[in-house]
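> Build out the structure end to end from the sequences listed, making use of the hints.
As given, the protein sequences belong to chains A and B, one line each in that order. Here the first sequence is numbered in UniProt numbering, starting from 1 and rising by one per residue. Here the second sequence is numbered in UniProt numbering, starting from 1 and rising by one per residue.
Source of the hints: derived by calculation from the structure; they are not laboratory data. Check before you lean on any hint, since a few could be wrong.
If chains are identical, the list can't say which one is meant, so a pair holds when it fits in one copy or spans any two.
Derived SDA-like pairs (lysine to any residue); straight-line CA-CA distance at most 25 Å [claimed, not checked]: (1) K117 <-> R273; (2) K104 <-> D35; (3) K104 <-> A219; (4) K117 <-> P332.
2 protein chains.
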Amino acid sequence: MSLESELPLVGISEIVAAGRRFGGLIRRTPVLPLDGAVTASGGRPPELLLKSEHLQLLGSFKIRGAYNAVASLPEEVRARGVITFSSGNHGKAVAHAAALHGVKATVVMPRTAPDVKVDGVRALGATVELVPPERRDVYPYELAERTGAQVVHPFDARDVIAGQGTAGLEILEQTPALSAVLVPVSGGGLISGVAVAIKTLRPDVKVVGVEPELAGDAAASLRAGERAVWPTEDVYRTRADGLRATSLGTLPWAHIRRLVDDIVTVSEDDIDRALHCLACHGKQVVEPSGAVAPAAFLCGRYIPPTGAGPVVAVVSGGNVDPAVIASVLATPV
Amino acid sequence: MSLESELPLVGISEIVAAGRRFGGLIRRTPVLPLDGAVTASGGRPPELLLKSEHLQLLGSFKIRGAYNAVASLPEEVRARGVITFSSGNHGKAVAHAAALHGVKATVVMPRTAPDVKVDGVRALGATVELVPPERRDVYPYELAERTGAQVVHPFDARDVIAGQGTAGLEILEQTPALSAVLVPVSGGGLISGVAVAIKTLRPDVKVVGVEPELAGDAAASLRAGERAVWPTEDVYRTRADGLRATSLGTLPWAHIRRLVDDIVTVSEDDIDRALHCLACHGKQVVEPSGAVAPAAFLCGRYIPPTGAGPVVAVVSGGNVDPAVIASVLATPV
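Rendered as structure tokens:
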């Protein structure tokens, strides 16, 4: 028995409390039908529904966890500000959550970060500190020690997991008849929170993670019963740029091994086909990372039993270069 | 005083009855926020919200009117089937509404119709009759006389207008604080129904029609106080292929002159900019006709007073060739 399996999991009450903290500032995103999914999956229903976090504030689910983390800090800690080191959706989310609370956010980025990402975070009112790439994961903690500011980890933190779990609560309220929920996996924060919500309230509903084959460390971990770490150059092969964590977080791994039914993988072609189907039939523009969960259903990587209720796929984000979608739409599938 | 202005308008009770007839078969489409609209419109809010009929069954609002028209027919009339002559979204809607009622639908199309449209209607279970283009508007009535089937006009019919009006009822329930609703105009069925719902229940809310400049017969009609008819070759210049009616219907004109506050026009460039903004910021794939109402807000053709409540634009449909959206997304604006 490893230490990890003894970590206390996030509880449903923490997720309910997170939802209360939102106070209407975070969106209750719609669950949208995916017309044409039946054809694409080559069979009759179960129906595929999209929990549409690409329509969330800032275009991804990340604001749920970031907001809860900032809102949960004791007043005197929060006053010293927050720090994070994601240059993607989580970085923006922390910047915005801090702005909503009137506190300072520092986002640490590698010097190699493209200007557009740096400008995007600055536009949300955060301070960006550029560091050598190898210092990116260390510097935030040094800075925190020096300034007393709080690091908000993108996935390996209770408050973040509890915040992400609010998406799971909403799914249960919005689609009571569901038979399974498909959730993208990277560091594992989102699926951990969603799994707590679903398995506490509806243990009969399957919780299935979805990863790109090319960044399949979580699927490998669940198969082996031991947390795998993949080389950075391996996980960077996937076009799903939000799912390139090299391993699960410690706390997410504890949740996943105890609560998640399965983790399946999708190919890069599956992701393209899903992006195309989501745009043409679902009328939704989604980022590649946001398409992996629907891809698992559409491309037969998760096949629900005949007669099962609707499957809900979490579309985690929509922040994509328009040129990517243009090229997907221009290519017949 | 013309005869038209004496036509009795559709009443709110007919719209409420239409909504009851739907019995859950027609979707209550979501009202989605349009992030980034603020930037695109060059000012601070009022907020733009999208009544998302591109997410309606079959991808457009047309099923509302078609379903209500078929459902309202006396049993013995309905049993003889229905006929229509639209090869676009209304044709599909009538085919599907008939199928839901287990009755025969005939869709009359010009021999010049592309195979993909003919196949699309046939796939919904309707019979397609191909006629010379000049016979397209006459033949359905001859056929109706011969067979006893009922013609379901795309816009010049009470039951169709009442069905479309259910979208207006939903908007009021979904966005009680709204200050205005923007509605695309072609034959005028949708705006007529929406205007009855809004002006009966909330006369303080503005109802504004939106047309392409290149098919601006309704705006010209409202200005002149007299129904204008534009040449077919003129209205066919707009890329908004669902808005090429050469004039308003008689019954819609009676509604519009009495209930609609204004009709504004948008350029083809405005439509392109709106398609781009809807995809990039709203994450929504929309057909050009569906983009005209948001375009009026985004491009300053409808400017709400400072401090006004949210503006709801009806996105009427999403049935668009993927290549069109690909080309819009590939072109920076």
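> Regarding K104 and A219, is the shortest C-alpha distance of 25 Å or less found within a copy, between copies, in both, or in neither?
Neither way: K104 and A219 sit 37 Å apart in one copy and 51 Å across, limit 25 Å.
> Pop the pair K117 and R273 into one bin, within, between, both or neither, using alpha-carbon distances up to 25 Å.
between (27 Å within a copy, 24 Å between copies)
> Within a copy, between copies, both or neither: which one fits K104 and D35 at a CA-CA cutoff of 25 Å?
Between copies, since 24 Å is at most 25 Å while 44 Å is not.
> For the identical chains here, do K117 and P332 meet the 25 Å Cα criterion within one copy, between copies, both, or neither?
For K117 and P332, the Cα distance is within 25 Å only across copies (18 Å; inside one copy 31 Å).
Hint compliance for this structure: hint 3 is the single one not met.
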